[in-house]
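Q: Chains as they are written, first to last, in the numbering used here: chain A, 1 to 90; chain B, 1 to 316; chain C, 1 to 114.
A couple of the hints might just be wrong.
What the hints assert, rightly or not - Quick look at which bits of chain C chain A covers, simulated, 3 or more residues with Cβ under 8 Å:
id	region
1	39 to 50
2	64 to 76
3	82 to 89
Just so you know, these hints were derived from the structure itself, not from any lab.
In this text, a Cβ means the ideal position worked out from N, Cα and C, and glycines have one as well.
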Amino acid sequence: MYIIPAVILLIVMGIALFRAFMGPTLYDRILAVNTFGTKTVLFIAVIDFLSGRAAFLDIAIVYALINFISVIGILRFFEYSSKTALEEEN
Amino acid sequence: MTAIAITRMSDLFAVVMLSGIYSLLSASLFLDLDAVDVAFTEASVGAGISTLLFLATLKLVPRYEKKSRYKPTLALGVVIATGALLIYGTLDMPHFGEADAPVHQHVAPRYLNDSMNEVGIPNVVTSILASYRGYDTLGETLVIFTAGIGVLSLLMVSRRTKEKALQKVPADMQNQIILRVVAKMMLPLILIFALYVQFHGDYGPGGGFQAGVIFAAGIILYTMLFGLSLTQKVIKTEVVERLTAFGVLLYAGVGIACMLLGGNFLDYNVLRHDPVHGQHLGILLVELGVGITVAAVMITLFFKFTWRTVKHKYNQ
Amino acid sequence: MELLLDIVSWILLISGSFFALTGALGLLRFPDFFTRTHAASVTDTAGAGLILTGLMLQAGWGLVLAKLLLILLFSLLASTTACHAMAKAALKSGLKPQTVNDNSNSEKETSSKP
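Isolated chain A (complex conformation):
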């Protein structure tokens, strides 16, 4: 019963990864990384129920936190150099 969501989430993660590689602008990459992170959180939660152990949920929480913090860190990095970054990327 948990197999279907797990497989679909894996596909979604793959697509997000693809977007992170391809993404024309830098912000596309950041968005893709963020999506990848949230989907990983869901994936771990589903896997947790699939395997029947509750130990993985801590890791999912850590992912949710870390993902948020690192996206903010990346954005802050561009507060300084946002103008040039976009031009360089295109």
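Fit chains B and C to the given chain A structure using the hints.
A: Just chains B and C, lined up with the frame of chain A:
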């Protein structure tokens, strides 16, 4: 595959982000192998803190890698040879998950069977890390401590610069109001969760390393959104630097206390009358020491990098 | 009762996966950054909320339920806020959203980009 993409890119920023994804992927791999504690560490350390510290470093160096002039054929040859040797070495290893592999014959059964009686902690990983392999973990904590000291001595910032900067540096993301409010709401949850990981390490995955990293990540989030000067009011740099040493001293002090009470170094059995209680107390203190050191070192590193950036930006 | 819970959580899980998949398709196919943000963030919250609620129905009372609630809270707060901050930063850095007027030459624009 992500690793290949990392080496091919010259845009260092994209490399940092991809390495974050890479560590998420490898953490999923560890999950698949049922190594919960390892995955936990990989998630918090690999994906979280190292990404943040890489970004802080990136501010100091140019964003694009320089074109290298030499052809790395020789290095490639060496790497391929080493890889081939390693793979050749794995041919001798027993098959994955085989019951009579040497790993399962030597000390592992003792750890798995007796740790409940000798240490009395459900999570075997924690009892191995903090009790059976206490020396190794002390060494790791010392390594982190040494790394922190090394960066401290490399990135010295004079007091005069600090005072000058404190007056004129605004908070970094002054205009992101929603972000600031949400971060303020999340911060207590993050810190509480860090403490939960710290003290729940006996029963589930977690422990000093992970808790320290999560705690530091919370503080770093605060620093990023509200600026260094405000954070300095909460946590003084000097205090954090002292705490770095305090964690290691706490760890080693537990060992010395064991010696004074008549046991061996880091032999927790003598801490209380009941050996199991002694183990509990010892592991708790040791993990606390590890957590304090890791958190303090991470926070110090981030502070130093940020000071350095501030100095570059405003002192020209 | 058990059966009812199973059925409801099954429906929630499937619809959550559906939302996640549509979000991914939007991330892949939409023409510019802001529409992609829309696809990703809207379906992110719907997908995450539905899947986590579905899991919660299976969890029963206990620590697991509390942890799932915590994850739900984090993902609702963090994901949307991150998307908002991202869109704001992109707008500030000079990335223009595509409007109806320049829809005709959007084909050329997207194809000329590497």
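Q: If a hint holds in the structure, say so; if it doesn't, say that too.
A: Consistency of the hints with the structure:
| no. | hint | in the structure |
| --- | --- | --- |
| 1 | 39 to 50 | holds (count 4) |
| 2 | 64 to 76 | holds (count 7) |
| 3 | 82 to 89 | holds (count 5) |
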